[in-house]
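K.L.:
Protein sequence lines correspond, in order, to chains A and B.
Take 1 as the starting number for the first sequence in the numbering used here and just add one per residue.
Take 1 as the starting number for the second sequence in the numbering used here and just add one per residue.
No lab work stands behind these hints, which were simulated from the structure alone.
Note that the structure is a prediction, hence the values are computed from the model and not measured.
Quick reminder that beta carbons are idealized off the backbone N, C-alpha and C, glycines included.
A portion of the hints provided could be inaccurate.
Derived list of chain A stretches under chain B, where covered just means 3 residues or more per stretch with a C-beta under 8 angstroms from a C-beta of chain B [what the hints assert, rightly or not]:
#: 1; segment: 12 to 19
#: 2; segment: 203 to 210
#: 3; segment: 213 to 223
Within a straight-line C-alpha distance of at most 25 angstroms, the following computed SDA-like cross-link-like pairs (lysine to any residue) qualify [said to hold, decoys possible]:
#: 4; chain 1: A; residue 1: K73; chain 2: A; residue 2: N27
#: 5; chain 1: A; residue 1: K101; chain 2: B; residue 2: G6
#: 6; chain 1: B; residue 1: K27; chain 2: A; residue 2: E15
#: 7; chain 1: A; residue 1: K73; chain 2: B; residue 2: Q43
#: 8; chain 1: A; residue 1: K73; chain 2: B; residue 2: G6
#: 9; chain 1: B; residue 1: K27; chain 2: A; residue 2: W8
#: 10; chain 1: B; residue 1: K27; chain 2: A; residue 2: E83
#: 11; chain 1: A; residue 1: K73; chain 2: B; residue 2: R33
#: 12; chain 1: A; residue 1: K73; chain 2: A; residue 2: L203
#: 13; chain 1: A; residue 1: K101; chain 2: A; residue 2: W165
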Amino acid sequence: MRREWLAWTTFLLVEAAMALNFLYAPNLAPGEQVHPLSQHLFYIHVGAAWNAAVAFTVVFVASIAYLRSRDLKWDLWAAASAEIGVVFTAVTLLTGTIWAKAAWGVWWTWDPKLTTTLILWFLFVAYLLIRESVTSPDTRAVYSAVLGIVAFLDVPVVFLAARWWSSIHPVVITGQGFLMPPSMVLTMVTGFVAFTFLYCYWLWHRTALARVERRLSELRARRREDI
Amino acid sequence: MSEHVGMYYLFAGTTVAWILIFAFTQKMRGNLRRLEEAVRLLQETSREP
Chain A
1 MRREWLAWTT FLLVEAAMAL NFLYAPNLAP GEQVHPLSQH LFYIHVGAAW NAAVAFTVVF
61 VASIAYLRSR DLKWDLWAAA SAEIGVVFTA VTLLTGTIWA KAAWGVWWTW DPKLTTTLIL
121 WFLFVAYLLI RESVTSPDTR AVYSAVLGIV AFLDVPVVFL AARWWSSIHP VVITGQGFLM
181 PPSMVLTMVT GFVAFTFLYC YWLWHRTALA RVERRLSELR ARRREDI
Chain B
1 MSEHVGMYYL FAGTTVAWIL IFAFTQKMRG NLRRLEEAVR LLQETSREP
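Here chain B stands alone, though its shape is the one from the complex (with noise of 0.2 angstroms):
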């Protein structure tokens, strides 16, 4: 029985380690697609004379 309440524990904890590692991915996503387009506007500016 108790390690079945182990399993739960177990369960949640790395329910929330994976929620943290998501946020910070589509964090991080968010991010490079602000940077994607900074660069986008700096090879535009550079191409011009």
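Chain A extracted, bound-state conformation (with noise of 0.2 angstroms):
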């Protein structure tokens, strides 16, 4: 019940969020002059990098609560985390590089952020690369919770690359406040929680799924045991 009520405000809110992303946000943001296109996948890019590294943050506290308690729960809820994380970071990268290409001619340049976010897609493709690699799940969980609270270090250095070092990164929101109009704030915001909620969807999805995939591997094993 919980669920359907988590799965039809998701599919409201991210119809609401593209209404107001093609049809309200405006099609030029102020002192750019990129393709209207361009500008609209904006929204999707900001909506899907705020929820990597919400991913990421829930992938960080699940590893620590895993490598406290020893408790199994909290490795299916970083691994499922991981995956959503990972996902959202390629549409990060894949909506940045269009937009690049529009806005500075080209698709890719090694920009401070553009490299820091480059860095943590494959930190956490390598984390679900050792996760397929160990076979034993006490020591997979150990390995991946080190992996992961390492990885997520790399979190904040993306956030801060645009302030700490010299970048062609566009900085929106900033200490005092945001950097564009009203009508481009509300897309934003509204493309946030849309995100966040179709985050939790997903994750909910995918702990019930590894839930099912470890009690058939239990049963499996005592079904060798026994014969």
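Using the hints, build the complex out of the two chains.
P.N.:
Laid out in structure tokens, this is it:
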């Protein structure tokens, strides 16, 4: 029942975010001269980036919780969140390169913000690969938790990269608030909320699936012992 | 004006894509529920002597 409520709220919020993005938000940001289509990718880009950060923060917290308690439930939450985080980071990189081509004239540049984001994506792809290569659940959980904590350290670096180093990546959220008109802020914030619900919706599914996988492997092990 | 019409097409296209993704996820959820039930039954039968 709770999941049903979450599913339909997510559906409506994503639909509302898309309506605001394409039908309400301005086609051009102040001071920017990019193609309107690329400008509308901005809201998807920012929403995906925000949720990648949320997903990897959950990996970090769940990894610490696992190392403290040795309860495999936390490992399951961390792995599920890492998978979704990798998808959101891929969306961030993809929409970012399309926007960059329109705004900067190049698909990719080794800007600190872009480079640290790419490193973050590689780190969590490595996290998922390591999980696949270790068969013992406890060993896999320990390796994953340590890598999850270390990889998370790149998240604040990505966020602060444009402030720490000279970067051409736009900074839209500062200590003084949002550096954009109210119509863009409303669209962006709705996108944040919609993507956060989408993250929770997928996380719920993925953890339920992982629990079934674990029960099945336990059953398989028990059957092997019986034989 | 044409840009404006283009945005309506984009909205319609992304809405169709989102409905397909959502419907697929809901379908998977139904499958998962059936799988959970099957595993629960398997666990119960494997506990019997």
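K.L.:
If a hint holds in the structure, say so; if it doesn't, say that too.
P.N.:
Structure-based check of all given hints:
1. 12 to 19: holds (count 4)
2. 203 to 210: Answer holds; 3 residues pass the 8 angstroms Cβ test.
3. 213 to 223: holds (count 5)
4. A:K73 to A:N27: Given that 25 angstroms is the threshold and the Cα spacing comes to 45 angstroms, the pair is violated.
5. A:K101 to B:G6: It holds: about 20 angstroms lies between the C-alpha atoms, which stays within 25 angstroms.
6. B:K27 to A:E15: Given pair B:K27, A:E15 holds - Cα atoms ~19 angstroms apart, limit 25 angstroms.
7. A:K73 to B:Q43: Since the Cα atoms of A:K73 and B:Q43 sit roughly 19 angstroms apart, the hinted pair holds (cutoff 25 angstroms).
8. A:K73 to B:G6: Violated. A:K73 to B:G6 sits at ~47 angstroms, over the 25 angstroms cutoff.
9. B:K27 to A:W8: OK: B:K27 and A:W8 at ~14 angstroms, within 25 angstroms.
10. B:K27 to A:E83: With Cα atoms ~20 angstroms apart, B:K27 and A:E83 stay inside 25 angstroms; holds.
11. A:K73 to B:R33: holds, 19 angstroms
12. A:K73 to A:L203: holds, 13 angstroms
13. A:K101 to A:W165: holds, 22 angstroms
Violated hints for the displayed structure, listed by number in ascending order: 4, 8.
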